[in-house]
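Asks: Sequence:
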Amino acid sequence: MNEPRKRITQRIRLEPAQQSQLIDIQRRSFLRAGLTVGAMSMLTGCNLQDGDQVDKVLWAMSRWNDRVQAWLFNGQKLAPTYTRAQLTNPFPFNAFYPEYNVPELELADYRLAVSGLVRDKQPWTIDALRKLPQRTDITRLICIEGWSAIGQWGGVPL
Numbered sequence: 001m002n003e004p005r006k007r008i009t010q011r012i013r014l015e016p017a018q019q020s021q022l023i024d025i026q027r028r029s030f031l032r033a034g035l036t037v038g039a040m041s042m043l044t045g046c047n048l049q050d051g052d053q054v055d056k057v058l059w060a061m062s063r064w065n066d067r068v069q070a071w072l073f074n075g076q077k078l079a080p081t082y083t084r085a086q087l088t089n090p091f092p093f094n095a096f097y098p099e100y101n102v103p104e105l106e107l108a109d110y111r112l113a114v115s116g117l118v119r120d121k122q123p124w125t126i127d128a129l130r131k132l133p134q135r136t137d138i139t140r141l142i143c144i145e146g147w148s149a150i151g152q153w154g155g156v157p158l
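For the sequence shown, the positions run 1 to 158 when the UniProt record's numbering is used.
Simulated from the structure, these hints should not be mistaken for laboratory data.
Treat the numbers as computed from the prediction; the structure is a model and nothing was measured.
C-beta: ideal position from N, C-alpha, C; glycine also.
Hints may contain errors.
[To be verified] Each pair of labels, with its calculated beta carbon distance range: (1) 37 - 140: 45 to 55 Å; (2) 29 - 153: 35 to 45 Å; (3) 126 - 57: 39 to 49 Å.
Produce the complete structure using the sequences and hints provided.
Replies: Written out as structure tokens, the structure reads:
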């Protein structure tokens, strides 16, 4: 099992000349990062659909991301579990419309269309779905907008 990495830090007193060199290095790193972001942002207007070179770069970045992720996270560690007492109430509803504008469905007429690589593509009714084995999960959602919430979801497992 992997041992947690320990970070050892030591305070070093720098001379003024060393301090200015450190600031120069930090400024260079900042400028280099800024130029990289600038160059990448210019690519957003390019047609990148047919480029073997672009694919090579993207795959290299993907492999690098995988290595960093493997270094940062323990694949043997289970996700945390939550209880009903930890549910976020009210749960944030981040849609483009208020909750009261969600259309009500006529459940008697509702059908779930099934498509793709399946044998039986018959639509499912609500009653047929309710007869299948159900599953409930309590999960923490972490949004890229900076909020997180613990919610409970249930239904037919896919």
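Asks: Indicate whether the distance between the beta carbons of residue 37 and residue 140 respects the range 45 to 55 Å.
Replies: violated (31 Å)
Asks: Regarding residue 29 and residue 153, is the given constraint of 35 to 45 Å on their beta-carbon distance met?
Replies: Holds: the Cβ-Cβ distance is about 43 Å, inside 35 to 45 Å.
Asks: For the range 39 to 49 Å, tell me whether the beta carbons of residue 126 and residue 57 fit it or not.
Replies: Holds, at about 48 Å.
Figure legend: structure checked against the earlier numbered hints; the only hint not met is number 1.
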